[in-house]
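K.L.:
The listed protein sequences derive, respectively, from chains W and C. Anchor point for the first sequence: position 42 equals 42 in the working numbering, and the numbering is continuous, going up by one each time. Anchor point for the second sequence: position 5 equals 5 in the working numbering, and the numbering is continuous, going up by one each time.
Treat the hints as calculated values from the structure; they're not laboratory data. Note that CB positions come from ideal geometry on N, CA and C, so glycine has one too. Each hint should be verified, as a subset may be incorrect.
[Claimed, not checked] Some chain W residues judged to face chain C by a derived CB distance under 8 Å, without partners named:
{"id": "1", "residue": "I151"}
{"id": "2", "residue": "A154"}
{"id": "3", "residue": "A171"}
{"id": "4", "residue": "Q180"}
{"id": "5", "residue": "A212"}
{"id": "6", "residue": "D215"}
[As the list claims (entries may be wrong)] If we take Cβ atoms under 8 Å as the criterion, some of the chain W residues that face chain C in the derived model are:
{"id": "7", "residue": "V178"}
{"id": "8", "residue": "G183"}
{"id": "9", "residue": "P279"}
{"id": "10", "residue": "E280"}
[Said to hold, decoys possible] Simulated restraints, written as ranges between beta carbons of each label pair:
{"id": "11", "chain 1": "W", "residue 1": "E280", "chain 2": "C", "residue 2": "G41", "range": "37 to 43 Å"}
{"id": "12", "chain 1": "W", "residue 1": "I6", "chain 2": "C", "residue 2": "V76", "range": "39 to 45 Å"}
{"id": "13", "chain 1": "W", "residue 1": "L56", "chain 2": "C", "residue 2": "R58", "range": "42 to 48 Å"}
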Amino acid sequence: MHWLNIIIQGVLTGGLYALFAAGLSLIFGVMRLVNIAHGDLIVLAAYLALIVTTTLGINPLLSIIIVAPVMAAIGYALQRTLLNRTLGDDLLPPLLVTFGLSVIIQNGLLELFTADSRRLQAGPIEVDSIHVAAGLAVGTLPLIQFTVAVIVIAGLQAIFYRTAIGRAFRATSDDRAVAQLMGLDNRHVYALAMALSLAVVAIAGVFLAVRANFDPSIGPARLLFGFEAVIIGGLGSLWGTLVGGVVLGVAQAIGAEIDPGWQLLAGHIAFLVIVAVRPEGLFPKVQG
Amino acid sequence: MPETLLEVRALDAHYGDFQALFGVSIKVEAGQVVAVIGANGAGKSTLLQSIAGLIRARRDAIVFEGTAVGDEPAHVMVARGIALVPEGRRLFPSLTVEENLLIGGQLARNGPWNLDRVYALFPVLSERRNQPSTSLSGGQQQMVAIGRALMSNPKLLLCDEISLGLAPIVVRDIYSRLPAIVADGLSLIIVEQDIVQALAASDHVYCLQEGRVRLEGASLTLDDIAAAYFAV
Numbered sequence: 001m002h003w004l005n006i007i008i009q010g011v012l013t014g015g016l017y018a019l020f021a022a023g024l025s026l027i028f029g030v031m032r033l034v035n036i037a038h039g040d041l042i043v044l045a046a047y048l049a050l051i052v053t054t055t056l057g058i059n060p061l062l063s064i065i066i067v068a069p070v071m072a073a074i075g076y077a078l079q080r081t082l083l084n085r086t087l088g089d090d091l092l093p094p095l096l097v098t099f100g101l102s103v104i105i106q107n108g109l110l111e112l113f114t115a116d117s118r119r120l121q122a123g124p125i126e127v128d129s130i131h132v133a134a135g136l137a138v139g140t141l142p143l144i145q146f147t148v149a150v151i152v153i154a155g156l157q158a159i160f161y162r163t164a165i166g167r168a169f170r171a172t173s174d175d176r177a178v179a180q181l182m183g184l185d186n187r188h189v190y191a192l193a194m195a196l197s198l199a200v201v202a203i204a205g206v207f208l209a210v211r212a213n214f215d216p217s218i219g220p221a222r223l224l225f226g227f228e229a230v231i232i233g234g235l236g237s238l239w240g241t242l243v244g245g246v247v248l249g250v251a252q253a254i255g256a257e258i259d260p261g262w263q264l265l266a267g268h269i270a271f272l273v274i275v276a277v278r279p280e281g282l283f284p285k286v287q288g
Numbered sequence: 001m002p003e004t005l006l007e008v009r010a011l012d013a014h015y016g017d018f019q020a021l022f023g024v025s026i027k028v029e030a031g032q033v034v035a036v037i038g039a040n041g042a043g044k045s046t047l048l049q050s051i052a053g054l055i056r057a058r059r060d061a062i063v064f065e066g067t068a069v070g071d072e073p074a075h076v077m078v079a080r081g082i083a084l085v086p087e088g089r090r091l092f093p094s095l096t097v098e099e100n101l102l103i104g105g106q107l108a109r110n111g112p113w114n115l116d117r118v119y120a121l122f123p124v125l126s127e128r129r130n131q132p133s134t135s136l137s138g139g140q141q142q143m144v145a146i147g148r149a150l151m152s153n154p155k156l157l158l159c160d161e162i163s164l165g166l167a168p169i170v171v172r173d174i175y176s177r178l179p180a181i182v183a184d185g186l187s188l189i190i191v192e193q194d195i196v197q198a199l200a201a202s203d204h205v206y207c208l209q210e211g212r213v214r215l216e217g218a219s220l221t222l223d224d225i226a227a228a229y230f231a232v
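Same shape as in the complex, but just chain C:
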């Protein structure tokens, strides 16, 4: 019986009067790769931001390693072992590539990830280490964003639309590194609009639609997903 790392229980999320999530429940087991897919505005990013603590939730709506942590702020969640690769990468423009990575690791949690390991995973970053982060290509910036999150040695890594705005060949390149990332038992939630990519990379899939979980399963096919969305 695998151990449950994260459990989201009937999570609601609001932006002012607008409700973005309605009773969303998901579960991530240790070492598992979970994909969350859905159209624009389905609430995927809101879900990740709630888990990461950027949006506060009901205390018992998010349970991490058996502790209710829904109302804790983002900087505490990082210390607990949850790291988010935000949508659009959002590197720090006034920091160099290496400084972006170092600031990701400044909490100094114990674990396998450090500068050398990130550079081994993405060798191109090593050559660019002293350049401003904004001078990199989109794909390289995404590598910095992933590396920056890994530097905190998380137990759970949240990746928000890492394929967004990148050429297909670059997306394949980045996804090909995921096995190396999860090799040490790290759990992963990937949010994607690219359904084929998400299905191929994950062990379990949740489909969000208008803030609700429409469908979930371990071995969904494109047909199942199409049926859930279109054949009401």
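Next up, chain W with everything else stripped away, as it sits in the complex:
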């Protein structure tokens, strides 16, 4: 029962990692852009949620309603003004520019909010739990977080495969030039993809901020978890990303149980083992 508990906690944490990863995966899938600033944008969203909750005095989870559209607008503008100029046959310029962006966001946040760690208070829901069986309890907040992750992934899946904009995303990803012949303006399609990615980032940022302390420097580690979840799941597969997040979460939970110092290490080891055994990830979709 004890280990079952550990594994369930790990699965639920995995939902958060899947949220970190989903936006990253989406952007790479549509425009082959590796967004090094992804983790810092998650932290930026967390600070935005902090401002919204302290100004309006609302529950942090409700602040998503405001933070998500704001982040989406930032994403659209960022793509139109900056990132579109870096896209081409070469993968390096977007890497360098988003790396620079990462440095700018971290230092900007440091300047505005200092290096103090912050946390969002979600009230009694934080410590609530549901008793499933004797000795087995599931935290309400982690459960909400996991459910939201599943809904977000299912929502992205539906957008990609059931809507006109999803069709445009896939077509542009397949063949940029021919997509233009269909009347699609690449710059606009990419900007919409980045807006969607940052809306997901906003959700991830709020859950991150409710779950644990955050400060301006923690972005790159979130980026790393996101990357690992994407690679474990297999590039281009959204449900694979969820599985990747869960694998990472469970490995970390088991590692932490054996020795608290092993939490992060266990996650990285699980990642390395999977990459060694299945370099294409568990559910690969992108060929070549």
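Starting from the structure of chain W, add chain C where the hints point.
P.N.:
Just chain C now, kept in the frame of chain W:
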């Protein structure tokens, strides 16, 4: 006096330092089928890509419906009514047959073409509508590529080497649908290496050689073309 739909005026095109077209001028009237023929590397595809906006040109080098549009990007040209069936078909592999057609029609220009009409023109596509586009035969893929371009309800359809890599019987099958396509007054530019097919299907022919128009006419014969190419 028929109305001029498209006029290409002294068009030059470059790939870096390499010049692919030298002062090419052609004219397409409303409802006309124009063929552009020439050997590999003569600049035929470059000409179509320039008209479609994939290669930018001098603003006044391309005049469509009386407006100079040479410097406009491809997605704007589609909205104006120019659709290209690209060489090698280039369907979207992650889209189904029907999704490929739908994305062609997503601008929703007014006109006679819609899913039902495309399926009526190519009934075999209707049976395969939910299959991945890559699972089709070459000829069927070409039908999707043509259908996808028609879905935007163009005034001018550009077809780049639609016979390439297809069996002669399939080529004849596809060419036999052209009259149904131009029936509503659509204009057509077909680029072909298959000269016999091009001459039979068109009202006017331009012969390109090394980026220049060598010969043009309304009723050229194979002998005229051979003379232009070989008897300098």
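K.L.:
Now tell me, hint by hint, if it's right for this structure.
P.N.:
Structure-based check of each hint:
Interface restraint check: I151(W) against chain C, minimum CB-CB distance 24 Å, threshold 8 Å, status violated. Given hint, A154(W) at the interface with chain C, is violated; its Cβ is 19 Å from that chain's nearest Cβ, farther than 8 Å. Annotation: A171(W) was flagged as interfacial toward chain C, and the flag holds, the nearest CB pair being 5 Å apart, inside 8 Å. Among the interface hints, the one on Q180(W) holds; its C-beta lies about 4 Å from the nearest C-beta in chain C, closer than the 8 Å criterion.
Violation of the interface hint for A212(W) is found here, the shortest Cβ-Cβ separation to chain C being roughly 37 Å, above the 8 Å cut-off. A cut of 8 Å between beta carbons decides the hint on D215(W): the least distance to chain C is about 40 Å, and the hint is violated. The interface hint given for V178(W) is met, as the beta carbon of that residue sits about 5 Å from the closest beta carbon of chain C, less than 8 Å. Interface restraint check for G183(W): the shortest CB-CB distance to chain C comes to about 4 Å, inside 8 Å, so the restraint holds.
Among the interface hints, the one on P279(W) is violated; its C-beta lies about 22 Å from the nearest C-beta in chain C, farther than the 8 Å criterion. Against a cut-off of 8 Å between C-beta atoms, the interface hint on E280(W) is violated, since the closest Cβ of chain C lies about 17 Å away. The hinted window of 37 to 43 Å between E280(W) and G41(C) holds, with their beta carbons roughly 39 Å apart. For I6(W) and V76(C), the Cβ-Cβ distance of about 58 Å falls outside the hinted range of 39 to 45 Å, so the restraint is violated.
Between L56(W) and R58(C), the C-beta spacing of about 56 Å breaks the proposed range 42 to 48 Å.
Of the numbered hints given earlier, the model fails hints 1, 2, 5, 6, 9, 10, 12, 13; all others are met.
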